[in-house]
Amino acid sequence: MANPFNLPMVGRSLRNLVSRPATRRYPSETRPHFAGTRGTIEFDLDTCVFCGLCVRRCPTLALTCSREDRFFAIEQLRCIACGVCVDACNKDSLHMSVDAPRVHLHTGAAPGAPRPGHQEWHQQQPAGSPPGPGDAAGGPAVAAI
Amino acid sequence: MKRTVVPMGPQHPVLPEPLVLDLVLEDEKVVDAIPTIGYIHRGLEALVERIEFGEFGYVVERICGICSFMHGMGYAVAMEKIMAVEVPERASWLRLIWAEMSRVHSHLLWLGLGADAFGFENLFMHCWRTREQVLDIFEKTTGGRIIFSVNKIGGVRRDIEDSELAAIVATLQELGAGFAETARIFETDPSIRHRLSGVGVLSREDAHAVDAVGPMARASGIALDTRLTGTHFYDRLDFEPVLETAGDCLARVVVRVREITQSIDLIRQAVERMPKGDGAPIDVKVRGNPTGETFERLEQPRGEVIYYIKANGTKNLERFRARTPTFANIPAMIKLVKGCDLADVPNIIMTIDPCISCTER
Ligand code: SF4
Ligand code: SF4
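Residue numbers (my numbering), protein chains in the order written: chain A, 1 to 145; chain B, 1 to 361.
These aren't lab readings, by the way, just hints derived from the structure by calculation.
Just so you know, even glycine gets a beta-carbon here, dropped at the ideal spot from N, CA and C.
One or more of the hints may lead you astray.
Okay, derived cross-link-like pairs now, DSBU-like style, lysine-lysine, Cα gap no bigger than 35 Å in a straight line [said to hold, decoys possible]:
no.: 1; chain 1: B; residue 1: Lys338; chain 2: A; residue 2: Lys91
no.: 2; chain 1: B; residue 1: Lys338; chain 2: B; residue 2: Lys2
no.: 3; chain 1: B; residue 1: Lys140; chain 2: B; residue 2: Lys276
no.: 4; chain 1: B; residue 1: Lys285; chain 2: B; residue 2: Lys81
no.: 5; chain 1: B; residue 1: Lys29; chain 2: B; residue 2: Lys335
no.: 6; chain 1: B; residue 1: Lys285; chain 2: B; residue 2: Lys315
no.: 7; chain 1: B; residue 1: Lys81; chain 2: B; residue 2: Lys140
no.: 8; chain 1: B; residue 1: Lys140; chain 2: B; residue 2: Lys285
no.: 9; chain 1: A; residue 1: Lys91; chain 2: B; residue 2: Lys140
no.: 10; chain 1: B; residue 1: Lys81; chain 2: A; residue 2: Lys91
no.: 11; chain 1: B; residue 1: Lys338; chain 2: B; residue 2: Lys310
no.: 12; chain 1: A; residue 1: Lys91; chain 2: B; residue 2: Lys276
no.: 13; chain 1: B; residue 1: Lys338; chain 2: B; residue 2: Lys81
no.: 14; chain 1: A; residue 1: Lys91; chain 2: B; residue 2: Lys335
no.: 15; chain 1: B; residue 1: Lys315; chain 2: B; residue 2: Lys140
Partial pick of chain B residues on the chain A-facing surface, computed with a CB cut under 7 Å [unchecked claim]:
no.: 16; residue: Val59
no.: 17; residue: Ser149
no.: 18; residue: Arg319
Between beta-carbon pairs, the in silico distance windows are [stated by the list, open to error]:
no.: 19; chain 1: B; residue 1: Ile146; chain 2: A; residue 2: Ala35; range: 13 to 21 Å
no.: 20; chain 1: B; residue 1: Glu181; chain 2: A; residue 2: Ala35; range: 30 to 38 Å
no.: 21; chain 1: A; residue 1: Asn16; chain 2: B; residue 2: Ile146; range: 47 to 55 Å
no.: 22; chain 1: B; residue 1: Thr231; chain 2: A; residue 2: Leu17; range: 42 to 50 Å
no.: 23; chain 1: B; residue 1: Glu132; chain 2: A; residue 2: Leu61; range: 27 to 35 Å
no.: 24; chain 1: A; residue 1: Ser13; chain 2: B; residue 2: Glu86; range: 47 to 55 Å
no.: 25; chain 1: A; residue 1: Arg25; chain 2: B; residue 2: Gly178; range: 50 to 58 Å
no.: 26; chain 1: B; residue 1: Gly119; chain 2: A; residue 2: Glu29; range: 43 to 51 Å
no.: 27; chain 1: A; residue 1: Leu61; chain 2: B; residue 2: Glu26; range: 52 to 60 Å
no.: 28; chain 1: B; residue 1: Thr36; chain 2: A; residue 2: Tyr26; range: 37 to 45 Å
Just chain B, with the same shape it has in the complex (with noise of 0.2 Å):
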């Protein structure tokens, strides 16, 4: 049959950044898919030669503007590990607090999203209106709606009083009551169980295979999640991965649904189980130049990113690299979208989380 090539973005209604996908088409069938980035390379890793490993922390938290706190609390936590610094508790608990409002932010954001690629626009707007309280939160704790420059190699820049602390749950507490409306719509409405069901279906062991991280693979049953590794105060915390088995764009979306309460109730013990105390330490002083070389791992809203750091003893450092989750949840998207309808395609990239500047840099 004859082959069609039908280029999809970098500008795209479905596509919130700039991806790059030739589809080859027989007839409606995508048979083909051969993805391009490069579109939103900014150099950032390549900064580490002109700023030094001090403030580079703040130019890490620009690789993305959903996931910028955990990029910044990577770099940080990845930094204490080579300068052997022992960051004061309630830091690292704040940073937990702080890491799981991103996820809920993140996924409003996604879900508002995904419900505008398959045509529900009023439950966008649902979404993004919930997402608005989570900002206001962020916005009052560290100063910014979107980057929050909270982190630095040590601990963290501001407090959040416990009294304000106890507000914030009662707040996300009541946002996720709302919430659980909307997620209804998402599990039950029929319009998006036909649209999404059964579409896009990644298996247990194609999974494997690809290795599809974040919400992708436990959409799929995999049990993968870096805070299951307890690092970063998550083994003080009760948590269970949220897994769906059916692997298909509805199940991915599920996940993410289920992620939001799960994140409300991660804060909700955390804000429990930290020490009480206002005015505790909350970063401590950090001397001398790095050296050495590290790994750090994090669940990223997308699933795991990986930084690789490497100093030389000078105040700047010789490497910076950052392995996003979209990164590695790109072959999984090949894979499902070749075989599937043209018209699929667009929620098919949709459920992936699709995070190009993180993926570019």
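So that you can see chain A by itself, here it is in the shape it has in the complex (with noise of 0.2 Å):
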């Protein structure tokens, strides 16, 4: 039978009585990220040129583009923020960023209401002649996030 006396958690519990604590005060103190941390897809329509090659190596089938049509779409439910996208594209017009606005699930509730985390995007010049100013069709029609 062990010593009833040997107590060795006690002087820990002691020094965890005085010591700070170990975890934050969330929500007011949240955890920095760190400078690689992955993070939402962000996509960036001006660059792309819609050559599929996302869509080819995303592994859930998260990312649909056309190029007839000029357009593209992320299901950010399907994500799995794998970054392979990121590595694929020539042209730079994914990114992944910490501070993108969370996906939330209630989206989309209501009848009619968009598909929760579905963007998408539409292009309506051929790619190489800039959006006019005040062109609708030039920024993100941006559906739910």
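Using the supplied hints, reconstruct the complex from the two chains, each of which is provided in its own coordinate frame.
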């Protein structure tokens, strides 16, 4: 039988009583991210040439793109943030950001509301000619996040 | 005597994952245990039909949230074998370092859960607090805390600079020194000894008979460790498996406690022995489709995992299969549960370190 007066945890517990907590006061204090932390996919319509490389490489089929329709879409809730599409894109049109707004599951609860996490972009001009000022077609038509 | 059947799981306070055991009791003694698995089957293996082999590694990682790195590595290594790809040396060293870090975080996680199972919540918090520092290193080096997506066929996707590697070794050694106090609690605290010592004894012969793997086998005195085969650069390190002979729950705890210190030392050795030089290649381009079949073995924190891959020259594999260590340890667990007291069942289940997500994929 082990010695009942051997209490190795007691010293540690007493020190914990007087030391700073190991946890943060979330949500007022949040944890900073590291430089290489992956995050949410962000898309830049202006540089994309709709080549479809990223679409073919995505393991979760989260991306859709069509060269004819100049259309690009991301299903954020399918994306597993692997970053393969970012590596695949030669045009630097895809990025990962930890500051992007969170995708909320509740979007789309109402009938006819957009699908949660679905983002799509349409470009009505051929690539190369810059969108005119005030031309709504040039900017991203973000359906919902 | 009248027999009673007590269903345990799929939801049970001690189980982190849905395992089901129907315990047949005579009074307080368990006379039989009938396991059921399948509550968390996700059909990941069948996804090879839809996902091309290059990207399937990111699916394989998701078999388990604790050994995710090792699953990704096992798949990548097996595919490299089929496709006869020579991986750059630095990539193999980096894989070894991340693999050992996975072992550290997995064992810390398990020690916490184990402490929680025998009612020592304070200790549970301490283990998880230490583990958090390992996860920070993972996030810094791979970009993810749990799912790293850093393996690919032909190498790894991110490099760690030499200065960063030295800093990681320093952090881990500091962590190891701090952990020594927690380790001493696990090994010497009388309440833990009282609760675990002599409970669920798996003799060396029984461990052989039921083919136990990993810390389960090593706690019964069998030097069974895939790292001993020297693959994946382990032959370049000084490595001796951690062995205990008692075979009880306490021995399984102690094996894991010591393996944490050992893994930290293996990482130190790897950083010392890997060739220096930032910017050395970490991946090679892979061309063509795989043909053929192969097996690959790795030592995961829970024991030996085996991957089987059959490829037919198309973009999709014909078959991918993983035999995970928990699956191999379930017969040992059933053997131990038979004949023990009902109150000891949670401890016995926890000390095999069950990973049901791995088992059911
Ligand atoms: S990060 Fe991965 S899962 Fe997400 S869209 Fe890109 S390739 Fe697909
Ligand atoms: S994001 Fe990049 S890879 Fe994807 S379609 Fe556009 S240009 Fe091609």
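Against the structure, the hints come out as follows:
For a cut-off of 35 Å, the pair hint linking Lys338 (chain B) to Lys91 (chain A) is broken: about 62 Å separates their Cα positions. A threshold of 35 Å between alpha carbons decides the hint, and for Lys338 (chain B) with Lys2 (chain B) the separation of about 17 Å falls inside it, so the pair holds. Proposed proximity of Lys140 (chain B) and Lys276 (chain B) is supported: the alpha carbons are some 20 Å apart, at most 35 Å. Only pairs whose Cα atoms come within 35 Å are accepted, and Lys285 (chain B) paired with Lys81 (chain B) is accepted, the gap being roughly 14 Å.
Taking the CA atoms of Lys29 (chain B) and Lys335 (chain B), the gap is about 14 Å. The hint holds against a cut of 35 Å. For the hint pairing Lys285 (chain B) with Lys315 (chain B), the CA-to-CA distance comes to about 16 Å; that is within 35 Å, so the pair holds. About 30 Å separates the Cα atoms of Lys81 (chain B) and Lys140 (chain B), which keeps this hinted pair within 35 Å; it holds. Only pairs whose Cα atoms come within 35 Å are accepted, and Lys140 (chain B) paired with Lys285 (chain B) is accepted, the gap being roughly 25 Å.
This hinted pair checks out: Lys91 (chain A) and Lys140 (chain B) have alpha carbons roughly 26 Å apart, not beyond 35 Å. Between Lys81 (chain B) and Lys91 (chain A) the alpha-carbon distance is near 33 Å, which keeps this suggested pair within the 35 Å criterion. Only pairs whose Cα atoms come within 35 Å are accepted, and Lys338 (chain B) paired with Lys310 (chain B) is rejected, the gap being roughly 38 Å. A C-alpha spacing of about 33 Å is found between Lys91 (chain A) and Lys276 (chain B), which places the hinted pair at or below 35 Å, so the restraint holds.
Straight-line distance between C-alpha atoms of Lys338 (chain B) and Lys81 (chain B) comes to about 42 Å, which puts the hinted pair past the 35 Å bound. A hinted pair counts as satisfied when its Cα atoms are at most 35 Å apart, and Lys91 (chain A) with Lys335 (chain B) does not qualify at roughly 59 Å. Under the criterion of a C-alpha separation no larger than 35 Å, the hint pairing Lys315 (chain B) with Lys140 (chain B) is consistent with the structure, at around 33 Å. For Val59 (chain B), the interface hint holds, since its Cβ comes within 7 Å of a Cβ in chain A; the closest pair sits about 6 Å apart.
Given hint, Ser149 (chain B) at the interface with chain A, holds; its Cβ is 4 Å from that chain's nearest Cβ, closer than 7 Å. Because the beta carbon of Arg319 (chain B) sits about 18 Å from the nearest beta carbon in chain A, more than 7 Å, this interface hint is broken. At about 19 Å, the CB distance of Ile146 (chain B) to Ala35 (chain A) agrees with the hint of 13 to 21 Å. Roughly 32 Å separates the CB atoms of Glu181 (chain B) and Ala35 (chain A), a value that falls within the hinted 30 to 38 Å.
Take Asn16 (chain A) and Ile146 (chain B): their Cβ atoms lie about 27 Å apart, and the range 47 to 55 Å is violated. Judged by the Cβ atoms, the range 42 to 50 Å given for Thr231 (chain B) and Leu17 (chain A) holds: they are separated by roughly 48 Å. In this structure, Glu132 (chain B) and Leu61 (chain A) meet the distance hint of 27 to 35 Å, their C-beta atoms being roughly 34 Å apart. The hinted range of 47 to 55 Å is satisfied by Ser13 (chain A) and Glu86 (chain B), whose Cβ atoms lie roughly 53 Å apart.
At roughly 23 Å, the beta-carbon separation of Arg25 (chain A) and Gly178 (chain B) lies outside the given 50 to 58 Å, and the hint is violated. A C-beta distance of roughly 31 Å is found between Gly119 (chain B) and Glu29 (chain A), which places it outside the suggested range of 43 to 51 Å. With their beta carbons about 54 Å apart, Leu61 (chain A) and Glu26 (chain B) fall inside the hinted range of 52 to 60 Å. Remark: the range hint 37 to 45 Å for Thr36 (chain B) to Tyr26 (chain A) is upheld by a beta-carbon distance near 38 Å.
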